[in-house]
Amino acid sequence: MKARVHVMLKDGVLDPQGEAVRHALGALGFDGVNGVRQGKVIELDLAEGTDEARIGEMCEKLLANTVIESYRVEIV
Amino acid sequence: MKAAVIVFPGSNCDRDLAVAFREAGMEVSMVWHKETGLPAGTDIVGIPGGFSFGDYLRCGAIAARSPICRAVVAHTERGGYALGICNGFQVLSETGVLPGALMRNAGIRFICRTEALRVATADSDFTAGYEAGQEVRIPIAHHDGNYTADAETLARLAGEDRVAFRYADNPNGSADDIAGVLSANRRVLGMMPHPERACDAALGNTDGAAMFRALAGVMAPA
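Chains as they are written, first to last, in my numbering: chain A, 1 to 76; chain B, 1001 to 1222.
Next up, chain B with everything else stripped away, as it sits in the complex:
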């Protein structure tokens, strides 16, 4: 159970994500964006939040074309796991690994607060530790989290049960209240809220820990 956390210039949740993986029992390595390959035996790639490359051009656009992202895309094409949080979700959408795009929040403002989410499906290795319909409280901190996709894509995501989380009270204008989406093989999750910031009782909220525990369970050697 090896996790690789990608670090871009401007990433700022990379160490928090590494701690969350490690606390769940995974072995974690940090991988700089100029690397062209992932460490051997990587089971899951974590793409952290932050402001990679200063959000120049579009959020996640430059990071998505970095050398390491070619390796990340190849990893997902082989059926490898990936978790993109906040800027990491923007990066995964820019690579095309996940459908849709994240636009400026409908209310224009940067929003930093804890939001109630509904677990939309428990049918994934990311969400298997929750009950479908369960409400969890997870922090958000973003300016560009307004999920957008064409009607056909939204219908497909709903029809294939690929919406992982929905906002209980949509803060940013996201289509269909979407806070996180899964890939077709359910092994890639992109979400704007930060489960890694809700994993330690000392921080007052452990609602995110079940995701990392469930992942670690799946990847534990038989």
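Chain A on its own, in the form it takes in the complex:
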């Protein structure tokens, strides 16, 4: 089975990289981009039947820094 983990900075945490991307889009003439948030996607190739709670533990212990990041697990 496969799982996709989406890691994003929490709401309210300023994202300097997203801001830089927003400025660059504006410089290319793309108007109306009000905000950009940049995160990461981590794909896990897992043994069949891996418990979703186990994946949550992986996120809490390593994949996300929950001081500043939130995560969402998607089973694919």
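Some hints here could point you the wrong way.
As the list claims (entries may be wrong) - Here are the computed distance ranges between Cβ atoms for each label pair: (1) D11/A - L1203/B: 37 to 47 Å; (2) E1131/B - G35/A: 39 to 49 Å; (3) T1153/B - A27/A: 29 to 39 Å.
As the list claims (entries may be wrong) - Subject to a maximum C-alpha distance of 20 Å in a straight line, what follows is the list of computed EDC-like cross-link-like pairs (lysine to aspartate or glutamate): (4) K61/A - D1055/B; (5) K10/A - E1131/B; (6) K40/A - D1055/B; (7) K10/A - D1150/B.
In case anyone wonders, no lab produced these hints; they're calculated from the structure. Just so it is clear, CB atoms sit at the ideal spot from N, CA and C, and this is done for glycine as well.
Got chain A sorted already, so can you dock chain B onto it with the hints?
Relative to chain A, chain B alone:
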């Protein structure tokens, strides 16, 4: 007075830190990240700057889960001293030994220059060689030094006098101008600037030497 400097793949300030400890009179051993324990009698652990594990995932994230870091966390839980500089500060925040996180610099760019810092408290064995409010010039060299913590944590750090250094002219967007923070027992310091790079007159700046001298004094056998 024994110091242990941790070496990760990608550490690049480990030898500078060892020299700073040694010049202050400490006995220094270098400890590879795969070790599961610290040398017997270690008084202070130094976690050096660099790019441990290539900054993969997040700065300091992989190093913080390495075998030696379990021993470092246990050492701090026993009340042992630890000094994390630059990447070492990122590692200590990733282990949870120090609160908060270091994010990408607000201006996106890597910054390598000497910055003016204000000593925010002299009430720690790291900063006792300075006067509170004193300005010192210490080099910074980082891409991810933008200190972030929630409002409650920032209030607690300020209220408990746990901010060790503040930038005089905030270069990276750090909350409350924070350049370095202390643990609750004041025996762990994490800071982005590099005091070990300001310890030798030949390099034109010795503002960092007082930290290592003060530490060595505390740990000198009575």
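**Asked** Within 29 to 39 Å or not, the Cβ separation of T1153/B and A27/A?
**Response** 36 Å, holds
**Message:** Checking one constraint from the list: CA of K40/A to CA of D1055/B, max 20 Å. Satisfied?
**Reply:** Cα-Cα ~15 Å, so holds.
**Asked** If you draw a straight line from the CA of K61/A to the CA of D1055/B, is it 20 Å or shorter?
**Response** Roughly 17 Å between the alpha carbons, so the hint for K61/A and D1055/B holds.
**Asked** Are the Cα positions of K10/A and D1150/B separated by 20 Å at most?
**Response** With a Cα-Cα distance of about 11 Å, the restraint between K10/A and D1150/B holds, given a limit of 20 Å.
**Assessment of proposed distance window 37 to 47 Å (beta carbons of D11/A, L1203/B)** = About 44 Å separates the Cβ atoms of D11/A and L1203/B, which means 37 to 47 Å holds.
**Asked** Is the Cα-Cα distance between K10/A and E1131/B 20 Å or less?
**Response** Between K10/A and E1131/B the Cα gap is close to 38 Å, so the pair fails against 20 Å, i.e. violated.
**Message:** Tell me if the beta carbons of E1131/B and G35/A are separated by a distance inside 39 to 49 Å.
**Reply:** 44 Å Cβ-Cβ, so the 39 to 49 Å window holds.
Hint compliance for this structure: hint 5 is the single one not met.
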